[in-house]
Amino acid sequence: GQQVMQIPQYQHVQEGEDFTTYCNSSTTLSNIQWYKQRPGGHPVFLIQLVKSGEVKKQKRLTFQFGEAKKNSSLHITATQTTDVGTYFCAATSDYKLSFGAGTTVTVRA
Amino acid sequence: GAVVSQHPSRVICKSGTSVKIECRSLDFQATTMFWYRQFPKQSLMLMATSNEGSKATYEQGVEKDKFLINHASLTLSTLTVTSAHPEDSSFYICSARDALGVAEAFFGQGTRLTVV
Chain A
1 GQQVMQIPQY
11 QHVQEGEDFT
21 TYCNSSTTLS
31 NIQWYKQRPG
41 GHPVFLIQLV
51 KSGEVKKQKR
61 LTFQFGEAKK
71 NSSLHITATQ
81 TTDVGTYFCA
91 ATSDYKLSFG
101 AGTTVTVRA
Chain B
1 GAVVSQHPSR
11 VICKSGTSVK
21 IECRSLDFQA
31 TTMFWYRQFP
41 KQSLMLMATS
51 NEGSKATYEQ
61 GVEKDKFLIN
71 HASLTLSTLT
81 VTSAHPEDSS
91 FYICSARDAL
101 GVAEAFFGQG
111 TRLTVV
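Sequence lines, in order, name chains A and B.
Counting from 1, one number per residue, gives the positions in the first sequence under our numbering.
Counting from 1, one number per residue, gives the positions in the second sequence under our numbering.
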């Protein structure tokens with residue numbers, strides 16, 4: 001399946017600050033999905049990006065798909081304690097999802 | 001959104017015994033379900049694709065005789081960990097996508113397996 005690399009692995013953020021997590025592939029992706037997994041929970045779908053250069057927003061979350069469709073980013077503004085968890089990007093190939101390593105976010109008040 | 005129910009959420013078993021994990025799509029039909037394994041603080045590793053009415057497709061390195069998958073209906077897939085050993089202890093998660101091709105994957109709650 002598609003191999004997606006995700007950085008950083010850990011992100012420790014001061015409440016109220018912004019941060020970005022990145023997802024990169026060596027091959028062109030048909031689409032990219034983002035999931036959030038809370039500690040002890042299961043992954044929950046956040047969004048899918050399909051078009052080159054696509055940008056989608058969900059409140060304080062901004063998702064972007066690169067022009068070459070080889071990278072994607074998730075930017076969170078004004079981080080809150082509810083943002084704690086691990087954020088995964090995932091690429092689809094042959095109807096299967098391959099997940100990045102995830103970025104685990106912790107927030108200090 | 002759609003609901004995928006996974007049972008049990010936690011199980012402790014003795015070495016050498018077998019454990020069955022169930023994954024049900026509650027409000028949609030899933031011709032395909034996926035089984036993942038997740039180690040602590042790591043990503044989800046796809047183990048196999050479960051196909052309704054046919055044999056599962058296993059990823060490279062996953063023992064098909066060790067991890068038996070059955071997808072008997074459009075709403076139920078089971079994973080049986082046979083002759084479990086402590087190294088099989090892990091978090092197992094199933095997911096499903098709507099038969100109509102909706103993009104997102106819906107995940108079960110996961111099963112924490114501990115083999116003692």
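These are computed hints drawn from the structure, not numbers from a lab.
Incorrect hints may appear among the rest.
[As the list claims (entries may be wrong)] Straight-line distance between alpha carbons at most 27 Å, and here's what the computed DSS-like set of lysine-lysine pairs gives:
1) Lys36(A) <-> Lys55(B)
2) Lys14(B) <-> Lys96(A)
3) Lys96(A) <-> Lys64(B)
4) Lys96(A) <-> Lys55(B)
5) Lys41(B) <-> Lys70(A)
6) Lys20(B) <-> Lys56(A)
7) Lys36(A) <-> Lys41(B)
[Claimed, not checked] Which residues of chain B face chain A? A few of them, derived with a C-beta cut under 7 Å, are:
8) Leu44
9) Glu87
10) Ile93
11) Phe107
12) Gly110
Source: prediction; values computed, not measured.
Don't be surprised by glycine CBs; every beta carbon is placed ideally from N, CA and C.
The hints, checked one at a time:
1. This hinted pair does not check out: Lys36(A) and Lys55(B) have alpha carbons roughly 31 Å apart, beyond 27 Å.
2. Between Lys14(B) and Lys96(A), the direct Cα distance comes to roughly 33 Å. Violation of the 27 Å bound is thereby established for this hinted pair.
3. Only pairs whose Cα atoms come within 27 Å are accepted, and Lys96(A) paired with Lys64(B) is accepted, the gap being roughly 18 Å.
4. With a CA separation close to 16 Å, the supplied pair Lys96(A) and Lys55(B) stays within the 27 Å bound.
5. A threshold of 27 Å between alpha carbons decides the hint, and for Lys41(B) with Lys70(A) the separation of about 25 Å falls inside it, so the pair holds.
6. A hinted pair counts as satisfied when its Cα atoms are at most 27 Å apart, and Lys20(B) with Lys56(A) does not qualify at roughly 40 Å.
7. Under the criterion of a C-alpha separation no larger than 27 Å, the hint pairing Lys36(A) with Lys41(B) is consistent with the structure, at around 14 Å.
8. With a cut of 7 Å, the hint placing Leu44(B) at the interface with chain A holds, because the nearest CB-to-CB distance is about 5 Å.
9. With 7 Å as the threshold, the beta carbon of Glu87(B) stays out of range of chain A, its nearest partner Cβ sitting at about 21 Å, so the hint is violated.
10. This hint holds: Ile93(B) has a C-beta 6 Å from the nearest C-beta of chain A, less than the 7 Å allowed.
11. Hint on Phe107(B) holds. Least Cβ distance to chain A is approximately 4 Å, under the 7 Å limit.
12. A cut of 7 Å between beta carbons decides the hint on Gly110(B): the least distance to chain A is about 5 Å, and the hint holds.
When each numbered hint is compared with the structure, violations occur for hints 1, 2, 6 and 9.
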